[in-house]
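**Q** Given these sequences and hints, build the entire structure.
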Amino acid sequence: MSAARWLVKSEPHTYSFDHLVRDGRTVWDGVRNNTAALHLKAMRQDDEVLFYHSNVGMAVVGIAEVAREAFPDPSDPANRFVAVELSAVRALTSPVTLAEMKATPALAEMAMLRQGRLSVSPVSAAEWETILRLAGG
DNA sequence: GCCAACGTTGGC
DNA sequence: GCCAACGTTGGC
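Be aware that the first sequence starts at 0, since it is given in numbering that gives the first Met the number 0, and climbs by one per residue.
No lab work stands behind these hints, which were simulated from the structure alone. If you're wondering where the values come from, they're calculated on a predicted model, not measured in any experiment.
Between beta-carbon pairs, the in silico distance windows are:
#: 1; residue 1: Arg79; residue 2: Ala125; range: 28 to 38 Å
#: 2; residue 1: Leu112; residue 2: Val55; range: 12 to 22 Å
#: 3; residue 1: Ala102; residue 2: Arg79; range: 33 to 43 Å
#: 4; residue 1: Pro104; residue 2: Gly23; range: 29 to 39 Å
#: 5; residue 1: Glu99; residue 2: Pro73; range: 27 to 37 Å
#: 6; residue 1: Asp17; residue 2: Arg67; range: 19 to 29 Å
#: 7; residue 1: Met57; residue 2: Thr34; range: 16 to 26 Å
#: 8; residue 1: Thr96; residue 2: Asn32; range: 16 to 26 Å
#: 9; residue 1: Arg79; residue 2: Arg132; range: 33 to 43 Å
#: 10; residue 1: Pro76; residue 2: Gly135; range: 35 to 45 Å
Ideal Cβ positions, reconstructed from N, Cα and C, are used throughout, including at glycine.
**A** Written out as structure tokens, the structure reads:
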């Protein structure tokens, strides 16, 4: 069974992909949306994750992977939400911008495009390949 | 800075 | 259980 694929958003001011590369690995906490939390819970070890910079950059900039499956979010006092750990895999050769993604028919059904505010979303195998192709491999 | 799209909260 | 008010995210 092959690994699943996801996309996570982060504002580069808050936590950039470069920061993840420096850290090697990080706790992905602070998600406070039920739909996003469901996706976090569905993540499995070694699933692949696109790392998207929201607001500034507005592009997929790198690839990460799931280093630890869902556990109670240490930043949530109510203990309702979960976190995962992500580790850096590599930066994309060239970032894939939101504008490019919107202009690509093969990505029209992508969860992150259909529901803009969702901070953790699934990516199909075909969408993954399309984005990597746009990134220059 | 504005606003659309969602989620959540709380009064009833 | 409905819905108005409010808060947040994130593109523009």
